[in-house]
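Chemist: Assemble the whole structure, with the sequences as input and the hints as a guide.
Each chain, written out:
There are 2 protein chains.
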Amino acid sequence: MLTPVLARIDADLDQATARLLDLLRIPSISTDPAYKPDCDRAADWLVEDLRSLGAEASKRPTPGHPMVVGHIGAGKPHLMFYGHYDVQPVDPLELWHNDPFDPQVQDTAHGKVIRGRGSSDDKGQLMTFVEACRAWIATHGQLPARISFFFEGEEESGSPSLIPFMQDNASELQADIALICDTGLFDAETPAITTMLRGLLGEEIIITGPDKDLHSGMYGGAAINPIRVLARIIASLHDDAGRITLPGFYDGVPELGNALRAQWENLHFDARAFLGDVGLTTPAGEAGRTPLEMLWSRPTCEVNGISGGYAGDGFKTVLPSRASAKISFRLVGTQDPLKIRETFRAHVRALLPPDCTVAFKDHGAGPAGHMSIDNPAFEKARKALSDEWPRPAAYVGCGGSIPIAGYFKTYLGLDAMLIGFGKDDDLIHSPNEKYDLRSFHKGIRSWARILAALSEQ
Amino acid sequence: MLTPVLARIDADLDQATARLLDLLRIPSISTDPAYKPDCDRAADWLVEDLRSLGAEASKRPTPGHPMVVGHIGAGKPHLMFYGHYDVQPVDPLELWHNDPFDPQVQDTAHGKVIRGRGSSDDKGQLMTFVEACRAWIATHGQLPARISFFFEGEEESGSPSLIPFMQDNASELQADIALICDTGLFDAETPAITTMLRGLLGEEIIITGPDKDLHSGMYGGAAINPIRVLARIIASLHDDAGRITLPGFYDGVPELGNALRAQWENLHFDARAFLGDVGLTTPAGEAGRTPLEMLWSRPTCEVNGISGGYAGDGFKTVLPSRASAKISFRLVGTQDPLKIRETFRAHVRALLPPDCTVAFKDHGAGPAGHMSIDNPAFEKARKALSDEWPRPAAYVGCGGSIPIAGYFKTYLGLDAMLIGFGKDDDLIHSPNEKYDLRSFHKGIRSWARILAALSEQ
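Same order as they appear, the protein sequences are chains Z and R. Be aware that the first sequence starts at 1, since it is given in the working numbering, and climbs by one per residue. Be aware that the second sequence starts at 1, since it is given in the working numbering, and climbs by one per residue.
Simulated from the structure, these hints should not be mistaken for lab results. In this text the structure is predicted, and so the values were computed from the model without any measurement. Take every hint as true, because none was put in to throw you off.
Since copy identity is lost for identical chains, a pair holds within one copy or between any two.
Each computed DSS-like pair below joins lysine-lysine, with the alpha-carbon atoms no more than 25 Å apart:
#1 Lys316 x Lys339
#2 Lys361 x Lys339
#3 Lys316 x Lys212
#4 Lys316 x Lys361
#5 Lys409 x Lys339
Modeler: Structure, rendered in structure tokens:
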């Protein structure tokens, strides 16, 4: 069944690329109200494209940008595919070498690339799945499984309508498993299924000491300085081994299983190159942990911003009234973000000297996502990916926080597989975003293989 | 000799006030080039006023605003009087209740005040001395000593011309002792001679980790965070008892002598009120030190500003490339600012983890000023002040750094006595600056007494 589908994909690549370029020409920037009609147009384009496959598809209004939902085929399994059609803004425009919405196929030293905003994040990735379905239908007149498509237009602007839409349409959005194409390869040769996503707790603390800014000569020595208090609090959050000191913080942080540890070792992650790209040489996390653990399976506490007193040119001998910091925790395993928030706040309060007060701002709390790979679909997909790419596919972690997988689990009860073909050098969210033509081509072939693998009962 | 001079001062107070108001009407804001002609005009006004006393006075050009130098009288001792005729800017103008350069004598719940920019800092204080001289001359036809006047027009803008002018005119500026009127009373009842001024060392440190801002999810855990490094450095600068940890930092920090300690205890400094005014209750300096020691005779290390990462509204999961802080040390005794700078920089470098670099910016270094009260002029002046005011005069410290006294010593070899009549609530540098009419009146009388006391051989 599969071989002619793959042949069809190869033969149709130029047309598939042309369709993607067509979609990329629509400037569907979701965060900017000026582009609302374009977001709508991108949704219409997708509805039309799904209908051209024979799907029953429609644009579904939300208080924000519309969702696109489509269904096609019958039987088991029922696969739900998610992608997003909205894109990031393009500023600074002057750094682009071509119009971000006049996409081009370009030759580079590393092969052909599709250049343009959204090429990798996420229109190109979204279309790998659609094109795989198109090739199946063109070859066999039908798909090997029942497929639902679920495309969002607000992923780059915080997905405000997503959860309400899932809740309101929970029965229509039922399936056996969700497939999400918004992640990357492990490296150019090694495909990946992302099974661990770190959670995120964001906190802001504002320490107030004196009720006004003071002269550091007239008051210094007798008046408490909130910057010093803040620095002590921040310094107290890690011990000398890089571990976070909050009591109970590591509750729910699992050790890697042997199988996963072996697989990760087998990836031969090049920490030297990863850090070297940003001017660093030395992994800075917990003593005794590998770089991949630091990035994927260990929690962190970072200071994302700090301010207080005078930060302009020159010098001002001010003893400031206030100092503040934005602090985030990346969470893993079953760490409880709300419990950690309380522990963190209690820790900060306990370190306050007399006369200092603290205000906290909540900047969100989401637990880590752990995909259970017990579902046999994971091993089937991993084998299918391994057949397509030079090196075997790996289960990997992701240091960032992609909430969509958790939402499928929480609101629809669905396991989700995160599979994607982006590369670290795709410049997503930056000027000159690109998607390797090879990622697009082998991405389509990968989904064709996965459809075949998952539909083998 | 003195009694008729004091009577003359009392009788002439309205005219003296009118002369001060006239000087206050000249907007001699030295930092703003738009007011350069006004600074010039203020200098001319003073030259004319000194000439009206019979002094040989002239306006002396500098690359900035002019100095005013005058000489009058003969014999011993030769007293050099310093004040400054320039004033601070008046922003925010909307917070003033009257035009800052249309000065008024106003009744308040605490007595009459002269309201206007420069009334306390420093035109009103400067004129206390000039008016005392005028009363002596009006009463006795001459002064009891040789007097030189030295008025600066750049004190509020960093005094760029002062040291070169002292060096170029060192022989003309010789005298037996300098009198400086730019400080305050200890409290409304207690006059003060400021004999200890803290020095100041200003440093800025910029810590760089990664060579660009990173995503805290993608890199957090493996990449070093310069805000965390900076916080650790700042936290390391004090121990739990509030002492500064730099090696050798306390070299040259003297303990208070018994006499001074007894005098300070006798001041019954109201730390509760001092701190209460700024919303604090608890002296925050070194354990085991009195609040006045913390403010006057102990060194400090303060963070005057800190910045790094994202400090705007909301949250950004950035792991920043850089973080920086402005840090100042107030110094006492014979602490060596250049040696402490080197110790501080070595301490910072020693705390840098791999991959972090630091850049330092020098924001000035000046040692503490300690007036030796061995010169008998100090006890004479203290007695004269004690005769004028309800409570005995005290030798006090000043937490801030007034470099002028040190310059007289360094560049002219002169001891300097800092005597002034400002009050903490004078709102210098702020909207609605005022000078108590009582400060002005008793200030003039105080200088008349000091002139008498110093000229008794």
